[in-house]
Amino acid sequence: MSAKLVLTAFMAYIIYFFTISLQSNSVLAWVYGAFLLYLFVMMLFSKNANKYRRLFQLVFAVLFTVSFVGNLYDERGSMAITQNAFYESEIPFCHLVIPLTIIPYALTKTIIFPARISGHYASILSMLIIWLTATVTIGRGWCSWACFYGGLEDGFSGLAKKSKIKLLPKNNEIRIFHFSFFAFLILMSIAFLSSIFCQWFCPFKLITEFTPIVDIPSLIATFLFMSVFLIFIIVLPILTKKRTQCSILCPFGAMQSLLSPISQFKISIDTEKCTSCMKCAKACPFSAIDIDTIIQKKGRPELNCALCGACLDICPENAIHMEFSFTKKLAKKCGLSLSNKTKSKNKIAGFFKDLTQPKHAFVFSAYTFGVIISSSLATDGLRRIVSAFIRALSLGGI
Amino acid sequence: MKLWSSALQSLLLGLSTGTYCAMYCAPILIPFISGSENNSLKKTTVLTLLFLAGRIVSYVVLGIIFAGAGMLLSSFFNPVLARRLSVFAYIICGLILLQNFLVKRKLSKNTLEANKKACPVRMKLAVFTGNDFSTAVLSGLSVGLHICPPFWASLFLCVQSGSIFYACIIFLCFYLGTLPFFLPVLGLPFAVKKMPVLKQIAQMTQLLIAVYFIIFAGLIPLIF
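Chains as they are written, first to last, in the working numbering: chain U, 1 to 398; chain L, 1 to 224.
Each hint should be verified, as a subset may be incorrect.
As the list claims (entries may be wrong) - Covered by chain L, per the in silico footprint, the following chain U stretches (three or more residues, Cβ under 8 Å):
id, region
1, 179-190
2, 325-332
Stated by the list, open to error - Pairs of lysine to any residue residues, derived as SDA-like cross-links and limited to a Cα-Cα distance of at most 25 Å, are as follows:
id, chain 1, residue 1, chain 2, residue 2
3, U, LYS297, L, LYS194
4, L, LYS199, U, GLU173
5, L, LYS193, U, LYS109
6, U, LYS47, U, THR65
7, U, LYS109, L, LYS194
8, L, LYS199, U, LEU258
9, U, LYS109, L, LYS2
10, L, LYS193, U, PHE364
11, L, LYS199, U, ILE291
12, L, LYS2, L, GLY18
It is worth saying that the hints were derived from the structure and are not from the lab.
If you're wondering where the values come from, they're calculated on a predicted model, not measured in any experiment.
Every residue gets a Cβ at the ideal spot worked out from N, C-alpha and C, and that includes glycine.
Given the sequences, and given the hints that come with them, work out the whole structure.
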């Protein structure tokens, strides 16, 4: 209990610094800060951390979209990419294209994305630093805790009470397709030296910025963007209750899955406690647990686990846990056993043990990422919504 | 122009720009070789050599045509011709990869036997054009049609030389210069052996690449 309070105090400070102090102490920053703190408290103290994580991501995704589109209108007067912005390399760098940019860069020393290296809103360098830090700490946890697109799918997947299409028997094929699509995008970006994901397949063009329709190919591209958005962000998440774009198309998600072994956290399944009820597999929005995972007693979800925590909350046997990825190796080296679950009699030792529990440490780290990334964007989004609301009221003569 | 000077020039051109050749060939070679049946070092080496043989044949034939026609073709030396040739290269290559994927995945041995009775000529043609060895040669031939800047420079050297013999030497040297960049492909069977799931991933990637080549890199630029 006291460890959770200490973590809450730390988080309150982080929220105050990034969300309130850096946003000029505005009333809306305080409102958003209070909301963030409330979510964190609920994540720590309730038994349904995933529910509050989803709420955070959904709110962040909506506010991000409002802020991003609002900024584009302020800067260019429309959501369309202007020739000037393209030639001046002023397109905001999106984390989804990191894998499609770094590999051609490594081979040719050419940056194929028209964004500024540094000193600009969403520059390449800032996104790379955020990505590297996220990769070595929370790994693919980024997708469930800090990605500003993921919340939309999370929101739509929560609309229906039951899934209309059951993907569980197809989970393995979904994973294979995801990695195939990733390989396809990488190879094509190498061959064409351009990000073909942005050219043809990105569903988020619809809510961020898009190429203006000037000819038939750009019309086809727009039609594709709309179709991919409708199918993978709205329809399939509602029908399947899964994050379909994240688990089928997203190149960043696939890369994070491949890099997940170097992150500090992982989920483990206690095969002795597991009764193969498959509730975790049904709940997993990323299709990272399937029948084979449980039957073959792998003891962990598949590579594409995004550490959202849905399986931890739903497991009736408490057989799923968050772990530090280095503890097993370290324990083996030191000749220690990890199965010792007796409570320490020393209060101070017990406090520190509680404080450094992997689940708490993970929620704290991942949420810190979410807070830092969301602070300015979400506050700006909130400001735009409130001012639009006030304007609407004043126009209506109320 | 002296022979040795042209040869050296082409060799250096190949060596200095080989990364781009390999980068263009990677989407075709990597999924195709990783996804081929009974993958082994020997088979990979043969497939890679066949692919590269297809490439050199295309290069030499184009070299001979351009050198034979000489400056008559100078008015065609513009980006439109290069783009057209590339678009056709994409469509042909996409179709070859698609055929190979279908033969590998859809037409299992049993269905082949069953279908042979219904339409033996069509089935034999499908198996002939879709097997790994013919796919390697045919995709190599089509890749040779893709015009990249270093290839364009070599073609120009051929036209300047005005001799078919010179053209063969120029393209042979250019081709030899690009060869070292293909060596990493030989490591693919070891990776697939270690992780068998890579084969399934490679086959699916091959399908996606084939569709992309045909529609997005081929038909859309060709029609619009």
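Now the hints, each set against the structure:
1. Counting residues of the region 179-190 of chain U whose C-beta sits closer than 8 Å to any C-beta of chain L gives 8, which meets the bar of three, so the coverage hint holds.
2. With a cut-off of 8 Å between beta carbons, the region 325-332 of chain U has 0 residues touching chain L; three or more are needed, and the interface restraint is violated.
3. As the CA atoms of LYS297(U) and LYS194(L) are separated by approximately 21 Å, the hinted pair is consistent with the 25 Å bound.
4. With a CA separation close to 13 Å, the supplied pair LYS199(L) and GLU173(U) stays within the 25 Å bound.
5. As the CA atoms of LYS193(L) and LYS109(U) are separated by approximately 32 Å, the hinted pair breaks the 25 Å bound.
6. For the hint pairing LYS47(U) with THR65(U), the CA-to-CA distance comes to about 30 Å; that exceeds 25 Å, so the pair is violated.
7. A threshold of 25 Å between alpha carbons decides the hint, and for LYS109(U) with LYS194(L) the separation of about 31 Å lies outside it, so the pair is violated.
8. As the CA atoms of LYS199(L) and LEU258(U) are separated by approximately 17 Å, the hinted pair is consistent with the 25 Å bound.
9. For the proposed pair LYS109(U) and LYS2(L), the alpha carbon gap of about 34 Å is over 25 Å, so the pair is violated.
10. With a C-alpha separation of about 40 Å, the suggested pair LYS193(L) and PHE364(U) falls outside the 25 Å cut-off, and the hint is violated.
11. Taken as a hint, the LYS199(L) and ILE291(U) pair is honoured in the structure, with Cα atoms around 22 Å apart against an allowance of 25 Å.
12. The straight-line distance between the Cα atoms of LYS2(L) and GLY18(L) is roughly 24 Å, inside the 25 Å bound, and the hint therefore holds.
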